[in-house]
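Letter by letter, the chains look like this.
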Amino acid sequence: MTIRQAILGGTALFALTLPAGAEMQPSLAFTGVTGLIDMPSGDQQSDGVLSFTKSQFGPVGRTTLSFQITPRLSGSFRYSAVHDWAGVVPSTFATYYDRSFDVRYQIAREGRYMPAVTVGFQDVIGTGQHAGEYIAATKTFGDKIKVTAGLGWGRYGSYGSIGAPFGERPEIDYGTGGKPRLGQWFKGDAAPFAGVEWQMSNKLTFKAEYSSDAYLEEAGRRKTFDRKSPFNFGVEYGNGRGMKFGLYSLYGSEIGLSVQLAIDPHKSPSGGSVGPGPLPVSARPAASGWSSDWVNDRGSLTAMRDGAQTILSHDGIVVESLAVNRTTAQLRIRNTKLDNAPQAIGRSARALAAVLPPSVEVFEIVPVVQGVAISRVVIRRSDLEQLEFAAGQDGLMWQRAQVLSASRRAPDGAVIGQGLYPKFTWKASPYIATSLFDPTNPLQADLGVRVTARYDVAPGLYFSGSVTKKIVGNIDGTGRPSDSVLPHVRSDANQYAANGDPAIERLTAAWYAKPGQNLYSRVTVGYLEPMYGGVSAELLWKQTDKPYALGAEIAYVKQRNFDQLFGFRDYSIVTGHVSGYYAFGSGFHAQVDVGRYLAGDLGATFSLDREFASGVKVGAFATLTDVPFSKFGEGSFDKGIRIELPLAWLSGKPTQKTSKVTLRPLLRGGGARLDVEDRLYNSVRDYHATDLDAAWGRFWR
Amino acid sequence: MIPRSVVAATTLAFLLAGCGSPIVKAGLSRFAGTPGTATVQPASGAPEIWLTLPQRGVKFTMSLLEQDGPVTVWAAKDGSQVVLRNGFLISTRGFGRDLMSAEAPSLATLTSGQAHQRSYFDLDGTDTTIRHSFTCTVEPGDKAAEMPGTRHVIEACAAEIGTIRNEFWIDSAGSLRKSKQWVSQGVGYAAVERKLD
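Note that the protein sequences, when read in sequence, are chains S and H. Heads up: the first sequence runs through residues 1 to 701, numbered per the numbering used here. Heads up: the second sequence runs through residues 1 to 197, numbered per the numbering used here.
Among the hints, erroneous ones may be present.
[Unchecked claim] Derived coverage of chain S by chain H (criterion: at least 3 residues anywhere in the stretch with Cβ under 8 Å from a Cβ of chain H; other residues may be distant):
hint, segment
1, 73-85
2, 391-400
3, 443-456
[Claimed, not checked] Here are the computed lysine-lysine pairs in the BS3-like style, where the Cα-Cα straight-line distance is at most 25 Å:
hint, chain 1, residue 1, chain 2, residue 2
4, S, 653, H, 59
5, S, 427, S, 653
6, S, 653, H, 195
7, S, 223, S, 427
8, S, 337, H, 77
9, S, 54, S, 337
10, S, 657, S, 469
11, S, 187, S, 144
12, S, 469, S, 427
Calculated from the structure, these hints are not laboratory results. Cβ coordinates follow ideal geometry from the N, Cα and C atoms, glycine included.
Chain H extracted, bound-state conformation (with noise of 0.2 Å):
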C-alpha cells in the first residue's frame, strides 16, 4: 500500500504526541501565505502531469498533491486541482463548472469492453449538485498509433443531456499513458498525459 506520503508531514498528531512547538511551527511553513492563494504547493521535485483543457485552449502542468492508494490529487500552480482514480478523472477544483465526484468504472471494467454505468456531478451556476447518469459502452479505438505501445479504447457513453466520448490510451503494463476525459457542460473534456522524464 502507497502512504500518503505527499501531505503526511502535515498531521500534526506525530509532532504533537511527543515534541513541542518548534516543529510544529516546521511543518506549518509549507501553509504560509497571503489569503486567495492555494493552501497548499506540491513538493518540489513531485511527480507531474500535462493537463489540456480542450475548449478552452490551455495546456498545462500539474505535480503530484497527494496519494492515497488509488486516489491522487494533482494541483496547478493556480491552486486548481484534478483528482484521479487509476487514471479517471474523478473530479475537478477551480475549473469554473467543476465535476464535484463521479462513479468511474475500474480499468479492468475498460479492457474487459464491459458496458456499464456511470455517474457525473457537477455544480451548476447555481452552485446546485447535477447528477447525469450515463450508460456507457466500450468500443476499440484506431488512434493507438498516437501512443505507440498503447491501446487506444473507446468509452462511448449516452445519458440525457447528450453523450460524451471518453478516449484511453492503455500501456502493455495496463496502466494509463493517456486519456481524454469528460468532466462537464462549462469545462469540456480535459486531456491528461503522464509526464514521462
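Pulled out of the complex, with its shape left as it was, chain S reads as follows (with noise of 0.2 Å):
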C-alpha cells in the first residue's frame, strides 16, 4: 500500500524538464518535407528520422519518404498524382503520376536570435514538374510558437512574385528525366512565403501559412481545383509517437488531409531490447584447489560442450566446435536469433565461465557464418569478472578485447557441434509481393506462401530453395509492356510477377569457404534468383580489423521463364563486378561497384547507406552504364532508395529477420544486377572491429 501511494505522490517527479524549446517537434508538410502546410520551413527533422507522409487535398495527392540524412542534410522521394488532368486540356492520362526528388539543406542551425535557415531543391531530377527551390527561415518562440518565412523560385515564385533577382528561368526540355537541371535553380520569379505554427499541447496543432504556389498548371491551365485565396489553415493531431492526422483548408476551396509517420531511430518503439537478462558471470575457487586433470579426459571435454550448448540453447546460438587447454579455450558459435553480434559474444562469455575449469582464462569466441570463421573475439575472463558490474564496462570491455583473424579449422582436439551436418531444416511463411508506379494501378500487391528449405551437408555446403504460391493479389502483369530497347533483363518484371503460380524463387547449391586468412569466397550454382540461373562466384577480401574491403564476383546466368519454374528464355550473359567497401564511421558506409551489368553494359553502381547499430539502414544507389539516357528510357539511369527495419527493432524481441524495401522510381534494363543470396561482404563485417564497435553496447546485455 505505501509504495502505491509513494508512487501517485511522486507522479509530478517522473517528467525530465527539458530545456525550452526542444519540445516542439519540426513538423511536415503537404510535399513530406519538414514545413508548414504547402510550404516548407527552416527546420530539418532530427538526426536520422524517416518519415512517411500522405498527403491530399482536392485532385492532389502525394506519397513521400524523407530522410534526415545527416543533422542538416536531408532528402524526399515523392509520388505524385493529380486528378482530373484531361478535364479541360486534352492529355493521354486521366490522372496525372510522377515522381520527384528532393534535397535540403540546413545552412544555419537556430540559435537565440538566429532563425533555422534550410536551402531546399524540390524535383531536382525528376521531369521537373513539381521544380522549386526556397530559401526558408524559421525562429522558435518560446516553447510553443514558430514562425517561417522565406522565399521561392519556381513553384514557389508563382504567386506574389516580387521579380526574378537572378535573371529568366530558362526552359528546359527534361528528355527522359533523371538528369539536374542546375541551370534553372534560383532563376526567374521569386515570391516571398510566411507562416505560422502554434502547438498548443503535445498532441495539437494549429498552423496557418501564405503560399506562394500559383499552381499555375493545375489550378490556372488544367482546371483541376479552383485557387481562390493564398491562405491554408490547418489542425494537427499527433499521438506523440511520431504518428500524426492533420486537417486542412487549403486555397480557400478545397479541404486537405494528411497521415504522417516519423520514425526515429533512436527511438525504438519498444524502447530496446526486452529480452530476457543474461546469465551471471560466475566466480571461481580460490586458485588453490585448481587443477588440470582433466585436460586430456574427452568426456569432460564434451561435458563442457554439451553445458555450452545448453546454457547458449537459450540465445539460440549453436556450438560449432570447443577447444580447451589449460588457459585457453575456443568456442566456435552459429549465431542464430540474437539480432546483435556482441550480444552473442557476450553471452557465449558468460556460457563459458560457467562451464570451463577456473585455469582457463582466454575465451576466444569465434563467430561462424555459412560455415566459415569469421573472426576470433579474445575475452579474458578475469576482464568479465572485474567489469560485470563496473560503470562504463562496455567501453572498458572493448579496449581490453582483441578482434583477431580466425584460422579456417578449428584448433587440434576441438570437440565438434552434435547433430549439425547433415542437417535438413524448412519452413513455411507468408509473404507479401508489390508492385508499385504502375501508371494505370499504382499499387499493386499479392499475397502468399512461401516454403524454404536448407540442407547443410558440411560446414559452408548447403543446398537451399524457396517456392512461392499466390493465394490472393491483384498483380495481373497487364501494365505498360516494356518499352525498352535494350535487352528485357528486368523490364519484365510484370510478367514474371504475373506468370510465377506457384514459383521457385530459388533453387541453389552453395559452397562457402576461407581460402585464405583474409580471404573469403562463395560459389553459388543453380536457380539463383526468380528472372536467372547459372553459375555465380564470388572473392571477398577482407581484413578484421580495416574499416575496408575489395571483392570481385563473376557470373554465367541464363534468363529463365516468366513462369519461374525450370525452363529458360534464349538470353544468357557473363556478368560481374570488381566492388570496393568502406565504412567512414558514423555508420555512413559508401560502396562501388564497377563491371558489366546483365544488359551487357559497362558501368558503376555508386551505394551510400547510413546504418544505425541497431540495423536500421537507410540508403540510396545509382548506376552509370555506357547506355546513353536516351536508350536508358523514362528515368535516364538506374536509381533507388532502400530501407531495412529489423524486426528486433520494432519488437524488442531477439530475431534476426528483417523487413527490407527497394524502392525504385523505374526498373529498367540499363544498370540491372543479378540478385544472388547471402553476398559475402555482408555476411562477413557483422563479426569484423567496425561493426561490432558500433554494436558492443549490447555486449553486456
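Put the complex together from the two separate chains, hints included.
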C-alpha cells in the first residue's frame, strides 16, 4: 500500500525537465518535407528520422518518403498524382502521376536570435513538373510558437512574385528525366511565403500559412481545382509516438487531409531489447583448488561442450566446436537468433565462465557464418569477472578485448557440435509482393505462402530452395508492356510477377570457404533468383580490423522463363563486378561496384547507406553505364532508395528477421544486376571490428 | 564475505576436477529450457523484492539470482533483471531502454549528505551507449512515515538532459528498506522494496 501511495504522490517528478524550445517537434508539410502546410520551413527533423507522409487536397495527392541523412542534410522521394488532368486540356492521362526527388540543406541552425535557415531544391532530377527552390527561415518563440518566412523560385515563385533577381528561368527539355536542371536553380520569378505554427499541447498543433505556389498548371491551365486564396489553415493531431493526422483548408476552396509517420531510429518502438537478462558471470573458486587433470579427458571436454550448448540454446546460439587447453578455450558459435553480434559474443563468454575449469583464463569466441570462421574475439575471463558490474563496462571491455582473424579450422583436439551436419530444415511463412508506380494501377500486391528448405551437407556447403504460391492479389501483369530497346533483362518484371504461380524463387547449391587468412569465397549454382539461373562466384578480401574491403564477382547466367519453373529463355550473359567497400564511421557505408551489367552494359554503381548499430539502414544507390540516357528510357539511369528495419528493433524481441524495401522509381534494363542471396561482404562484416565496435553496447546485454 | 552462493553450483570446474559426467548433467539441469526463455531461474525459496515501474503501472516480484559481495542480481519470471549494489540500482536488463551500468554513491555518502557526481550509462534506440553525468545533492525528505522506523532521504541530480530525484528510506541499521531510483528516459523510475516475510 505504501508503495502505491508513494507512486501517486511522486507522479510530478517522473517527467524530466527539458530545456525550453526542445519540446516543439519539427512538423511535416503536404510535400513530405519539414514545413508548414503546403510550404516548407527552415527546420529539419532530428538526425536519422525517416518519415512517410500521405496527403491529399482536392485532386492533388502526394506520398513522400523523407530521410534526415545528417543533422543538416535531408532527402525526399515523392510520388504524386493529380486527378482530372484531362478535364479541360486534353491529355493521354486522366490522372497525372509523377515522381520527384528533393534535397534540403540547413545552412544555419537556430540560435538565440538566429533562425534556422534551410535551402531546398524540390524535384531536382524528375520531370521538373514540381521543380522549385527556396530559402526558408524558422524561429521558435518560447516553446509553443514557430514563425517561418521564406523566398521561393520555380513553383514557389509563381504567386505574388517580387520579380526575378537572378534573371529569367530558362526552359529546359527534360527528355527522359533523371538529370539535375542546374541551369534553372534560383532563376525566374521569386515570391515570398510565410506561416506560423502554434503547438497548443503535445498533441495538438494549429498552422496557418501564405502560399507562394500559384498551381499554374493544375489550377490555372487545367482547372483541376479552384485556387481562390493564398491562405491555408490546418490542425494536426499527434499521438506522441511519431504518428500525426491533419485536417486543413487549402487555397480557399479545398479540404485537405494528411497522415504522417515519423520513425526515429534513436527511439525504438519497443524502447530497446526486452529479451531475458544474461547468465551472471560465475566466480571461480580460490586458486589453490585449481586442477588440470581434466585436460586430456575427452569425456570432460564433451561435457563442457554440452554444458555450453545447453546454456546457449536459450539464445539460439549453436556450438560448432569447443577446444580447451589448460589456459585457453576456443568456442566456435553460430548465432541463429540474436540480432546483435556483440551480445552473442557476450552470452557465449558468460556460458564459458559457467562451464570451464578455473585455470582457463582466455576465451576465444569465433563466430561462424555459413560454415566459415569470420573472426576471433579474445576475452580474458578475469576482465569478464571484474567488469560485470562496472560503470561504463562496455567501453572498458572493448578496450581490453581483441578482434583477430580466425583460422579456417578449429584447433586440434576440438570437440565438434552435435547433430549439425548433415541437417535438413524447412519452414513455411506468408509473403507479400508489391508492384508499385504502374500508371494505371500504382499499387498492386499479392499475398501468398513461401516455403523455404535447406540441407546442410558440411560446414559451408548446403542446398537451399524457396517456392512461393500466390493465394490472393491483383498483380496482373497487364501494365505497360516494356518498351525498352535494351535486352529485357529486368523490364519484364510484370510478366514474372503475373506468371509465377507457383514459382521457384531460388534453388541452389552454395559453397562458402575461407581460402586465405583474409579471403572469403562463395560459389552458388542453380536457380539463383526469380529471373536468372546459372553459376555465380565471389571472392572477398577483408581484414578483421579494417574498415575497407575489396571484392570481385563473376557469373554466367541465363534468363529464366516467366513461369519461374525449370525452363530458360534464350538470353544468357557473363556479368561481373569488382567492388570496393568502405565504412566511414558514424554508420556511413559506401560501396562502388564497377563491371558489366545484365544487359551487357559497362559501368559503375555507387551506393551510400546510413546504418545504425540496431540494424536500421537507409541508403541510396545510382548506376551509370555506357547505355545513353535516351536509350535507357524514362528515368535515364537506374537509381533507388533502400530501407531496412529489423524486426528486433520494432518489437524488442531477439530475432534476426528484417523488413527490407528497395524503392526504384522505374526498373529498366540498363544498370541491372544479378540478385544472388547472401553475398559475402554483409555476412562477414557483422563480426569484424568496425561493426562490432558500433554495436558493442550490447556486449553485456 | 558472502559467497556467490546461488550460482556457485554452475561452476562445473569443481565437478570436472574430480568427478565424471553424471554430476555435470545434474548441474546443467537448471539450464534446461527452450530458446527465448531465461537461461537461469532463481532457486526456489530465494529472497524476494517488489519492483515497481510507475511509468508503466506495473509491480512485480523479483527473486535473488546471485549475490556477489555488495552486488545482488534479481530476476523476474520473464527473465528481466535488476542489479543493486548496496541497494543502489546499477543496472537493468530486459526493460527496453535498459540502464546498462551506473556509478552510484555509497550509502555513507548519502547518509552524510555529501554532494557528489553520478553516471548513468544507457542504450538508446540505435544500441549506442549514452552516458549521462549528473551532479547531485542530498536533502532530507518528509516521507519517512511511509516506512516507519526509517529516514527519508532525497538525492537530487541535474544533468544536461534534465533533473532527477531518487528517494531512499534508510532504516536504523543503516540499510535501504525502500527506494525509488531513476533507470532511463524510456523506463522512468523503479521503486524497489525489500519483501519481508
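Okay, the hints, checked on the actual structure:
1. For the segment 73-85 of chain S, the stated coverage by chain H is not satisfied: 0 residues place a CB nearer than 8 Å to a CB of that chain, which falls below the threshold of 3.
2. For the segment 391-400 of chain S, the stated coverage by chain H is satisfied: 5 residues place a CB nearer than 8 Å to a CB of that chain, which reaches the threshold of 3.
3. Given as covered by chain H, the segment 443-456 of chain S fails the check, having 0 residues with a CB less than 8 Å from a CB of that chain where 3 are the minimum.
4. Among the hinted pairs, residue 653 of chain S with residue 59 of chain H is consistent with the structure: their alpha-carbon atoms are about 21 Å apart, no more than 25 Å.
5. For the hint pairing residue 427 of chain S with residue 653 of chain S, the CA-to-CA distance comes to about 20 Å; that is within 25 Å, so the pair holds.
6. For a cut-off of 25 Å, the pair hint linking residue 653 of chain S to residue 195 of chain H is broken: about 30 Å separates their Cα positions.
7. Simply put, residue 223 of chain S and residue 427 of chain S have alpha-carbon atoms about 55 Å apart, too far for the 25 Å limit, and the pair is violated.
8. With a C-alpha separation of about 21 Å, the suggested pair residue 337 of chain S and residue 77 of chain H falls inside the 25 Å cut-off, and the hint holds.
9. Between residue 54 of chain S and residue 337 of chain S the alpha-carbon distance is near 35 Å, which puts this suggested pair outside the 25 Å criterion.
10. Under the criterion of a C-alpha separation no larger than 25 Å, the hint pairing residue 657 of chain S with residue 469 of chain S is consistent with the structure, at around 21 Å.
11. Restraint check for residue 187 of chain S and residue 144 of chain S: not satisfied, since their Cα atoms lie roughly 36 Å apart, outside the 25 Å limit.
12. Restraint check: the Cα-Cα separation between residue 469 of chain S and residue 427 of chain S comes to about 14 Å, which is no more than 25 Å; the hinted pair holds.
Violated hints, in rising order: 1, 3, 6, 7, 9, 11; the structure is consistent with all others.
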